[in-house]
Structures are given as C-alpha cells and as structure tokens.
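Trainee: One-letter residues, chain by chain:
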Amino acid sequence: MTVAVVVFPGSNSDADAYYAVSHVIGVGAVLVWHKDTELGAADAVILPGGFAHGDYLRTGAIARFSPIMGAVTRFAGRGGPVLGICNGFQVLLEAGLLPGAMVRNRGIKFVSSMVPVRVEQTDTPFSAACTGGQVLSLPIAHGEGNYFADPDVLAEIESNRQVVFRYVDGHGEATPEGNPNGSLNNIAGICNRQRNVVGLMPHPERACESSLGSHDGRVVLASVVQSLAAGAARG
Amino acid sequence: MTVIDAAVLERHGIAPDEYARILELMGREPNLLELGLFSVMWSEHCSYKSSRVHLKTLPTTGPRVVQGPGENAGAVDIGGGLCAVFKIESHNHPSFIEPYQGAATGVGGIIRDIFTMGARPIALLNALRFGSLEHPQARRIFEGVVSGIGGYGNSIGIPTVGGEVVFDELYAGNPLVNVLCLGIARADDIVKGAARGAGNPVYYVGARTGRDGIHGATMASAEFDESSAEKRPAVQVGDPFMEKLLLEACLEVMKTGALVGIQDMGAAGLTCSTSEMGSRGGHGMVVDVMHVPQRETGMSPYEIMLSESQERMLMVVHRGREREVEAVFEKWDLHAVKIGEVAEGDRLKIFDHGQLVGDVPNRALTDEAPVYRRPMREPEWQAEVRQLDLASLGAPPAAQGAFEALLASPTIASKRWVYGQYDHTVGTNTIAQPGLSAAIVRVKDTPVALAISVDGNGRFCYLDPHRGGMLAVAEAARNVACAGGEPIGATNNLNFGNPERPEIMWQFAEAVRGIGDACRALEVPITGGNVSLYNETEGRAIYPTPVLGVIGLLDDAEATCTRTFKQPGAFVVMLGDNRGELGGSEYLARLHGTVRGVPPALDLARERALQRLVIDLIRAGAVQSAHDCAEGGLAVTLAECAFGTGGLGLRADVPAAGDAGPYQAHATLFGESASRVVVSAAPERRAQVIEAAVAAGVPARVIGETGGARIAIAVEGTVVIDSAVDHAEQLWSTAIERRMTRGGDSGL
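Sequence lines, in order, name chains R and H.
With our numbering applied, the first sequence corresponds to residues 29 to 263, in that order.
With our numbering applied, the second sequence corresponds to residues 141 to 888, in that order.
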C-alpha cells in the first residue's frame, strides 16, 4: 500500500504527513513533486498543509494549476481516496473537487490551537475507522479556514451527509463557542458526493503521537488503510 | 563625481577619525561606492566596533561546541553525529518603524542564518519588549509585531514554540524584537561562509535586488528622533514563500557537495556577504553588478551593493560543478546567477558592465574595522536607585489584591493571545506547548529532545547590570533544567542604548561581565549572538536588556517535565532559599510604580547545584512538575502550577522570609529571589526528593499539598491569599486579550 503526498512549492506539512503515514501508521509513503504528471502506483493521495505557491492570490488558487493536479483529478474521478489537509483542503476547493470556499477567519487573526472535532460521517475512506459522533482532539493552524458556501450548496452538502467533521465545544456540541474561525455550520471537513475525496482544516497528521499532545489524528489516517484493505478484500 | 566632504561623511555615519583610517587602508581617496561599503561594514550593527572588546571576554568553548561565534550561527554537539545550530538576532529598530515587516524580516533573517549552516530549522522563539498596553501606540506595535512574526514563521512552516514578552514604558519608543532559531544538522554537513579556490564561480540566488533597505545597518546604528518615521524605505519587505523555496533548494544543493561556501545577504547585503566570505577564506572576490538580478531599473552599483532586499544568498561553487547547482535551483523555479569569481589576493573588486567601479581590500571592511574601547562610567544615579525604602511606600496593599493584580499584569499574564497566532505544531516535533516556561522539541529519529528558553530582566540590569547579566543566564538555564534539559550552549542578544555615552557603555561592559561569570560557572558556552545598540529615542534609553537563549539537552525525549500540577495529594516543595528580596520586582513596579532596590542575590555554585538536582529528579521520575520562581515571586509561581490543570488547587504555608517590616508577607510571596524551583511529587516520593536535595546541598522545604479548587497560601500560618483557581486563572488568561480588545486597562 502506498500513499502519495504531493509537494507544492510552499507546502510545509508535506514532511509531517509523510512521517505520520510512514513512521506512525507504518504504510508506504512517497513524496510526489507538483511538476510531475503521474501519481505512480499510489493507492491514496494526500494534499498537505502549507502555503502552496505562497498563497498570494487566494489560498490554493495557483496550486490547482500545478501539473500534478491533472493526475489527482483523474485519480479522484476513478474513486481513489484523496485527502486534503488545511491548505490541501483549500486546493481541493479551488480545483472544484469539493464544493464551497474558504474565507478569512472570523476575527481576522491566524488561529493556532488544539480543538475538539466531531466525526459526523464514517462512510468515507478517511473516517471509516472512527465511530460516529466520536470527538477528536486535533490542532488547527490557519488564517483562512472559515468555510463558506451558498445557501443552496450548503443545504445540499448537509442533506447529502457530506459534512464529515464539525468543530464542537467542550461538551461535544456544535455551538458558536466551539467554532474557532466562523465556518458555516461549524464545518471542519467535508467530502464530495462520491465520498472518496475529503478535505479538512484540522491537522490529523500532527496529532498521531501522544507526546505531541494528541494521538487522535491517527484514526483518520488509519481509516484509509482500513478502507483500502477492505476494498482489496472485496477485490 | 561626488566630492567627499564633511556632509557626505556625516550622511554615511563615518566619523572624521574613521575617514582618516579609510584613507590609510585604501592608500587613496575612496569613491562614493567605496565609501558606502565602509559606511555599512563599519556601522555598529555590522562591525561590533563598540562591543567587540567586551564580547571577547565571554567563554565560547566547551567539549560540545562545534562552532563558536564568527560564523552565521553557533553549533553544539547533541550526540549521534548531530548538532544543534542556533542563534538569536534582533530586529528592534525596523520593528518600531514598521512593526509587521520589521518583525517578519527579523524572523526571515535568523532562519537564513541557520539553514546557511546546513541545518534544517525546527523551532523559533522570540523575546519581545513593548511599552505599556495602556497606550494605543504600544498596542499597535505589539499587534503588528506578533502578526509579523506569525505571518513569516507560519508561512514558511517553522513552529514558533516559545518565548517571553515584557511590557514596560521604557520600551515604548524602542520595542525589542529578538528572534531565536534552532536547527538540526549533521556535524559532518555543516557548511561555512568562506570563499576559497581562485576561479571558483560566485553565484547569486533568491529574490531580486531592489532599493529597499539601503543603509538599514546604518539606521540600526543610530538613535531615533522625530524624523525616524521618514526612514520607512530602509525597512525591508519579507517574502516567506521565496525563503521557503530558498531553504529547500539550499539544503538540497548542499547535499550535492558542489558548494564551497554560502552566506545569506542580511544586513549590508551584497557588500557584507562578498567581503566576509572573501576575508574568511583568505581570498579576494570579483563581481560585476550587471549580473545581479534587479527588481527596479536604473539602479547604481552603490544601490545594488548596499541594498538589503530580503531572501537572497551568495554561494561559491566548485568550478566544473555549476550544472549540478543550477539544476537544483531550476527545480525550485529559482535562478542561480553567476555574478563573479573567487580571486587570488585579498581584494573585493566590483565591476559594472566590465568597468572597475570599486576596489577595496576585503579585510579593510571586516577584520580591520575600527575597534573602540569606549569610555565607561558608572551612572551618577546608580547608587541612588539601589536604595529601597519600603516605609516610604506607605501601608502595604492587601496581599490578596496584590496577587490578583500581578496575575493580570501583562508581563505575568498568559501569553495565549500571542502564541495563539503562532503555528506551534507544524513539524510535529513540539512536545511542550507554548506557555509552559521552556519549549521542548524532539529530534526525530533520535531518542533526544531539546529544551530552549529565552530570558532577560531589564529592571535587574538597570539596577545592577553585572548581577542582571548573571541572573539572565541563570534564569534561562534554570528554565531549561525545569523541563529536564541539561544546559549545553547559549546565545545572547544584547540590547542597550547609545554606546557613545559612557554610562551606557558601563552598563554594557558590566552586563557582559555578568554573563561571562555565569556562563563560566554554569559551564554554558556562548556560541554566538547579536548586539543591538542605540536603542534610544530622544535621549531616553531602554533598560539595559541582555536576553539569553539557552539550549538544554534531554537524553530521553519521553522524560520531560512541565510546570503544571498532575494530581491532588501531591506534596509541594520549594527548592532553594526564599530571601524575601523585593528589589526590582514586578510587585514594586506594578503595585507601587517604582523600580528600585538591589536585584536578587545570586550564588552561582548554589544555582548550579539546584539545576543539577532538578535535572536529576526529573530524569529519575521523582517529580511530577517543576517551575522556576521569577516575576511575581513564589505566589505567582504556585498559581501558575495550578493553571492549565482544570482547576486543581493547593494549600501552602510558607515561612516568612527577609526583614521587610509591614511588607513581610509581600516580600515572602512576591519577592523574586533567584535559584528557586517549585516541584511537586507523589506522596511516596517524599523521602526520595528530600534526600536528593540534602545530598545535593540544596535547601528543600515542603510548603504545601495539591488538592481542592482553591489557591490558598498562608505565611507563618495566616492565610493571606485565597482564590478559586478558576477565578485566578480567568484573570491571568484573559488579561492581554482584554486590553487588546477593549483598549487600555479594563479596570482591575
């Protein structure tokens, strides 16, 4: 099993995702340069956090034109599991692989903190090993993580059960107090209609070892291993 | 051609006797370009001309030192063939003029120093000083600086893991922004900034050169006055994305072995990098400015050589291996451009379209720069400010109220508002979250971790610079020890006023003497650092503020310690002596508006024994928490141990200390005696902890027990502080936020 981690110029969590997958979860990982046009034998793809291409225009806006994105789009179209973390989520939104957009955090400032995130759906390759309603402690670190979508789109993703992760308060409730950045409906992560492409702002790859303050992110990455294995078993 | 007259010299900050020396070294009159080169290289910022004689007295060697001062950064051995590469640097003056960019480029500059050595940067810390938050200008500068530090560090993906922030009116016109960067390198892979091998090509890589920052180094070597705001063009603009590309490309290119040497272009830009690399390598260098990528049209050789545009590097490449280097930079969409060659001899020759426009012996710019033994004099007011007459302060306030006021003092209060804007988790090495004294980062693929702390107390240095210098070293090392780290190296940032004033020079020399004394006694060598002088506005200097950054080694990344209590029923021990010393304390400043007295005494042998004991107790797993006593004294220390625990309190009874009359309880609880650490331990460890302390010759006294939801502190059996943990923590954790959102004091 091989997970491809795409490296854009300005990615800064590529090495963290690679480390978590290969050293903590213990499956194969490869770094794929954004100028490459093929993903090789990858079974899953991670678009990591960072500031791809500097994010000077709009987060993720230039990265979607990187040569590798053609291969990522084809891979996603074939039903391959794709995870976008933080800036990777923003790239997926810009590339049209996920619905909606990101705007500046409510309160303008960059927010870096450990936050509770509730798992809403377990039928995606990146939440399959979770239990529904499970609350994960995950770090966020972003300036533009305020999820926005038109009312129609928002209604649609809610009715299609596309909200996979939601910010919650200390009691596990999706309240305004539990919302760190102003995201609509406390949305922390969503999937596409086919459910194989998932994006989230929190960083599961930074929460894979208890010495780092939380190992709750492991289940997110372990999910893809479990679902790929299940898929292989179904053959 | 411009005639070099008194006005030209003054504009270049060159004194008449310095010009006489230039004529002697050149053997002729310099042209304007050459004068510009001398102007920046002989500025205080680049030449250390006032500080050098004093810095030479610092201990810089030790069994772990791999690289001492003189290179881009220092390096110490951390085992396994690896080095910790680290340095602290200031960006004070630019941060006053343009807070966001000043701070951001300060972060960018120190990161370049670290990866230039071949190290991958893994952590950033900062030491900041601002005026009182009651004033809108201080809030604006504070907000801009924090945002700029985050803006750069967050983007490039190096976690900001800790630091310290102090607020005092004396920094209102001269905020301090000192940034420390730590990187990890293989000892064999350390790259130096020397140019060798005549004929080897010299490459320029990174951002294009513009007119920004021309004479930035000269600006940083002058006091501020009303016209300083007009100097904004001398502040550079940072581009963390460009630097991220440079970082990755440079580390990749170093692996090829095709590099001879590399140096970043920081202060004094191309001038500094060409002359320093040549002079370190004992070679000359020939460059043609025509090849330098330029952002603006019509730039003169003078402007190109003096520009301080950010995110640029100079490299010397082995002849014949140019393609290997160029290929790496092409991969990262960076253009490495050949601008010249290493030459025999010792001269820096600058051409413009093939025509020689400057020709200077490079050592004249570097090693031959003037060295001043400036006059020093103890200030006349020094003895007077050391007098502290508590009786003149009137009746003491209630200890309870003083305690709460101290918790809400921005200097003591939680810095969550600050570090909440810093990405501190990127890199997945951050073990201790910010806000818990020393920062701890693990070193991947090894069993070890590093603890880092930056500390300095300007008030103590103002009252006694020698003791203040010692106390800064002791506190930074003590904080590292409280995390379980054995101090192995230090870097210092010396922030002072105008060295041409004998009183300032005396403060500087005394503080450096104190730092040296403490570093020798604690066996912590100084491997590099930075001096920032002329921190004055309209004749008013900052407190003399040396900031020490100490790196500590933890053999076992799992055996770390933080300050928070871990369980009810643990016993609480104060290690070290409480002498009830109020001189220079936050209590006096905050509650009585006075900065007077003698700073706490420091016995370096006892300090060393204490730190050794704390490290051993943590390694043995005997203690559950450890926290050093600093600003706010024992009462604040105990409260901070209770914060972040979800409301776990304590009951303590402390013997009265010192001889302070009606201020006895205050001196006992809020005095800032050095060499004290509060630890907590499980009941069954009691004998082990006390016996270890006795064996180490460190005073140890059980002063209380954890439990309940209140912080209850008695002196000699009388409870003088009794607050719910939640209430106290609320005051402490929201004090800065409240001032930043509502403006000014919120009525506490």
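There may be inaccurate statements among the hints.
As the list claims (entries may be wrong) - As a list, the in silico DSSO-like pairs of lysine-lysine whose alpha-carbon atoms are at most 30 Å apart:
1. H:Lys395 with H:Lys584
2. R:Lys63 with H:Lys478
3. H:Lys189 with H:Lys489
4. H:Lys395 with H:Lys332
5. R:Lys63 with H:Lys395
6. H:Lys489 with H:Lys478
7. H:Lys332 with H:Lys471
8. H:Lys471 with H:Lys395
9. H:Lys706 with H:Lys332
10. H:Lys584 with R:Lys63
11. H:Lys478 with H:Lys584
12. H:Lys471 with R:Lys63
It is worth saying that the hints were derived from the structure and are not from the lab.
Trainee: Indicate, hint by hint, whether the structure satisfies it.
Mentor: These are the hints, each one checked on the structure:
1. H:Lys395 with H:Lys584: Given pair Lys395 of chain H, Lys584 of chain H holds - Cα atoms ~19 Å apart, limit 30 Å.
2. R:Lys63 with H:Lys478: The given pair, whose Cα atoms are some 26 Å apart, holds under the 30 Å limit.
3. H:Lys189 with H:Lys489: holds (24 Å)
4. H:Lys395 with H:Lys332: holds (14 Å)
5. R:Lys63 with H:Lys395: holds (21 Å)
6. H:Lys489 with H:Lys478: Measuring from Cα to Cα gives roughly 15 Å; hence the hint holds.
7. H:Lys332 with H:Lys471: holds (24 Å)
8. H:Lys471 with H:Lys395: Distance ~15 Å between Lys471 of chain H and Lys395 of chain H Cα, so the pair holds.
9. H:Lys706 with H:Lys332: violated (46 Å)
10. H:Lys584 with R:Lys63: holds (28 Å)
11. H:Lys478 with H:Lys584: Not satisfied, since the Cα-Cα distance of roughly 36 Å exceeds 30 Å.
12. H:Lys471 with R:Lys63: Holds - the C-alpha atoms of Lys63 of chain R and Lys471 of chain H are around 9 Å apart, at most 30 Å.
In this structure, the earlier hints numbered 9 and 11 are contradicted, and the remaining ones agree with it.
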